[in-house]
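Protein chains in written order, with numbering that gives the first Met the number 0: chain L, 0 to 394; chain G, 0 to 253.
Just so you know, the hints here were simulated from the structure itself, not pulled from any lab data.
A few of these clues could be false.
[Unchecked claim] Computed beta-carbon distance windows for the label pairs:
1) V282(L) x Y26(G): 57 to 63 angstroms
2) K11(L) x R28(G): 39 to 45 angstroms
3) S72(G) x F3(L): 22 to 28 angstroms
4) N74(G) x S296(L): 53 to 59 angstroms
5) F3(L) x Y10(G): 39 to 45 angstroms
We put the CB at the ideal spot given by N, CA and C, even for glycine.
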Amino acid sequence: MKFFTKLIQSIKMAMKSIKGNKGRSALTMLGIIIGVGSVILLTGIGGGTTKAITDQLSAMGTKLITVSFNRRFTTRTVDFEDLTEFVEENPELVTNLTPYISGNAQAKLGNTNFSTSLDATDPAYETIKNVSLNEGRFISQSDVDNYSYVAIIGTYIQQTLFGGMSPIGETIKLNGKQFKIIGVYTETGDSTETSQDNKVTIPYTTAQRFLKNKTISTYYLEGASEDMIDISVDSIEAFITQKLGSDSGFSVSSVSEMLDTMDEVTASMTSLLAGIAAISLVVGGIGVMNIMTVSVSERTREIGIRKAIGARTTDILLQFLIESIILSAIGGLLGVGIGLGLGPAVEKIANMEYVVQTNMVLLSFCFSLAIGVFFGIAPANKAAKLNPIDALRSE
Amino acid sequence: MIRLHGVTKVYQMGDTEVRALDGVDLYIRPHEFVAIIGPSGSGKSTLMNIIGCLDTPSEGQYWIDGVEISKMSDNDLADLRNQKLGFIFQQYNLLPKLSAIENVELPLIYKGIGISERSKLAKEALKRVGLSEKIHHKPSELSGGQQQRVSIARALSSHPQLILADEPTGALDSKSGIEIMQMLHDLHDEGNTIIIITHDLNIAKQAERIVTIRDGKIVGDMDNRDDMAGAENVKGSDIGDNENLKIVDTEAGN
Ligand SMILES: Nc1ncnc2c1ncn2[C@@H]1O[C@H](COP(=O)(O)OP(=O)(O)OP(=O)(O)O)[C@@H](O)[C@H]1O
Ligand SMILES: [Mg+2]
Numbered sequence: 000m001k002f003f004t005k006l007i008q009s010i011k012m013a014m015k016s017i018k019g020n021k022g023r024s025a026l027t028m029l030g031i032i033i034g035v036g037s038v039i040l041l042t043g044i045g046g047g048t049t050k051a052i053t054d055q056l057s058a059m060g061t062k063l064i065t066v067s068f069n070r071r072f073t074t075r076t077v078d079f080e081d082l083t084e085f086v087e088e089n090p091e092l093v094t095n096l097t098p099y100i101s102g103n104a105q106a107k108l109g110n111t112n113f114s115t116s117l118d119a120t121d122p123a124y125e126t127i128k129n130v131s132l133n134e135g136r137f138i139s140q141s142d143v144d145n146y147s148y149v150a151i152i153g154t155y156i157q158q159t160l161f162g163g164m165s166p167i168g169e170t171i172k173l174n175g176k177q178f179k180i181i182g183v184y185t186e187t188g189d190s191t192e193t194s195q196d197n198k199v200t201i202p203y204t205t206a207q208r209f210l211k212n213k214t215i216s217t218y219y220l221e222g223a224s225e226d227m228i229d230i231s232v233d234s235i236e237a238f239i240t241q242k243l244g245s246d247s248g249f250s251v252s253s254v255s256e257m258l259d260t261m262d263e264v265t266a267s268m269t270s271l272l273a274g275i276a277a278i279s280l281v282v283g284g285i286g287v288m289n290i291m292t293v294s295v296s297e298r299t300r301e302i303g304i305r306k307a308i309g310a311r312t313t314d315i316l317l318q319f320l321i322e323s324i325i326l327s328a329i330g331g332l333l334g335v336g337i338g339l340g341l342g343p344a345v346e347k348i349a350n351m352e353y354v355v356q357t358n359m360v361l362l363s364f365c366f367s368l369a370i371g372v373f374f375g376i377a378p379a380n381k382a383a384k385l386n387p388i389d390a391l392r393s394e
Numbered sequence: 000m001i002r003l004h005g006v007t008k009v010y011q012m013g014d015t016e017v018r019a020l021d022g023v024d025l026y027i028r029p030h031e032f033v034a035i036i037g038p039s040g041s042g043k044s045t046l047m048n049i050i051g052c053l054d055t056p057s058e059g060q061y062w063i064d065g066v067e068i069s070k071m072s073d074n075d076l077a078d079l080r081n082q083k084l085g086f087i088f089q090q091y092n093l094l095p096k097l098s099a100i101e102n103v104e105l106p107l108i109y110k111g112i113g114i115s116e117r118s119k120l121a122k123e124a125l126k127r128v129g130l131s132e133k134i135h136h137k138p139s140e141l142s143g144g145q146q147q148r149v150s151i152a153r154a155l156s157s158h159p160q161l162i163l164a165d166e167p168t169g170a171l172d173s174k175s176g177i178e179i180m181q182m183l184h185d186l187h188d189e190g191n192t193i194i195i196i197t198h199d200l201n202i203a204k205q206a207e208r209i210v211t212i213r214d215g216k217i218v219g220d221m222d223n224r225d226d227m228a229g230a231e232n233v234k235g236s237d238i239g240d241n242e243n244l245k246i247v248d249t250e251a252g253n
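All chains should be built: construct the whole structure from the sequences, respecting the hints.
Written out as structure tokens, the structure reads:
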């Protein structure tokens, strides 16, 4: 109770002295404000970037498994049939499979002529990769079976060749062959030539014939459940290794694996940013110490008077310590306000995603309090240890 | 109540040492009203600071209520100043940023008294010194006499047993000085022990006992109770150099 009364009084006195020196207090707080503000801002930007990338990866489907062969196997091979068999035999691990071929083609209609990226697959691709179409339909099994010359085009091609009109049923020349357009993708980029919207997709059987290349180097599979993705990946790896008699020359990867790596990268990036910002917080703390030291020497006489009328060493210590903590705490709060407030502005101006890291907000605020204690101790201690008569005599 | 034995205070100033107090023996009984006089630089304030536990002697012993001061911790000394002693300084020593009532409340805060009780005691003390109207004034908004009255209220607020006043009227005009002295007399009548340092012989003569100090030594200690009968024994030389008193120093050697 007695301690509580004294504590409340110390807080009141500290507020009074901070208010009594507004300009100086504000300057002192500035270091803390900038420190806390930048921790929150930088980690928010870091968090936003992570979220943007994570979202993109998740959009690909967290159950997506990619198998790619990066060299030709001559004696023993794993082909579409082998993998189909694996999928059929292991429904508890993988549920879906699609082949994927990619390359480039020369697109032509009338006098317009440009290069486009071409890929080839089968109907399963539509669900595995969450394909979204503006209009028309995706490749059907009969397209695959009949080696049909049909294509799904991106919005760049639609705009360049058809001026944005519906191209369904029209034809387009790819490497000199006529293809019937059966669908249009939803825009994913900004519909420019270099974006992802400059592409066509055709049945993989057609592509094998048309590109005179039978090898399929990429397959996409869908894991049965997100939690078991690692087991699925391991099983596929084991299956292929056993078939090939070699564990190199191919890779099996999953989106959730990439997400994990991503998390690690961004975690270290975030701590790097936090570290840089923490340095500015420490600099701010030195500012607090500086001001408290000045304040103690300015108020030596006041300390003497307080001691003469019965202030204990701990009373004086508490008074100055609380003053430095309050100074840092107000600075910390303002920093939090600025960090949170500037977030949306950064989002607009720099066109970045901004995700406030709540733990960093708490951490940086607590850190600023700790700085108040740490850098306040030395000056407060100096004040508390003053000999009453020496303090009273000082001017 | 207070006993000093062989109290010596030495200040080292480069090569030379200044003996501000030199083997002072003094005994002050409860409820006494003592004036300490002596020329400037004789060690009056030094003695007062030691009695007030603001300073420590270089040699010798000092007891308050039977407890030897050198055996007490810093915190015990702070509590002792807070609860048993009340200071009145020549320069008032009020905190300039606090109002009159806040200044008076200060010792009570350190005593750990809660807010309502505290402001009641502080108001009472300010009422006693006749400043009920000015409790929210800052020291800079008060006259010297009023500031000294605030400082008396501050010394009173925690009901100390011993009031130490170092030239309390030194910075005041004679009318304010008389008012301040009247308050000290009232306090004395209520049973407080009072020690006052002064240059002013007229003020010293109001005390029950007059202690004279010179070059750090007590050179005179006289009883002054029988309606100023002994006052004649106080010589101008005991007061020393105070020209304002216009006392001719006839016996400088003593
Ligand atoms: N902190 C100090 N350092 C060195 N010498 C000091 C110190 N304080 C006091 N003295 C010396 O001690 C002696 C006594 O000083 P003190 O202040 O007690 O005198 P005083 O009797 O109160 O004088 P006055 O009537 O002028 O106030 C003086 O010679 C003074 O110079
Ligand atoms: Mg003096």
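So, going through the hints one by one against the coordinates:
Between V282(L) and Y26(G) the beta carbon distance is about 59 angstroms. The supplied range of 57 to 63 angstroms therefore holds. Taken as a hint, the range 39 to 45 angstroms holds for the pair K11(L) and R28(G), whose Cβ atoms sit roughly 41 angstroms apart. At about 23 angstroms, the CB distance of S72(G) to F3(L) agrees with the hint of 22 to 28 angstroms. For N74(G) paired with S296(L), a C-beta distance near 24 angstroms fails the hint of 53 to 59 angstroms.
The supplied range of 39 to 45 angstroms is met by F3(L) and Y10(G), whose beta-carbon atoms lie about 42 angstroms from each other.
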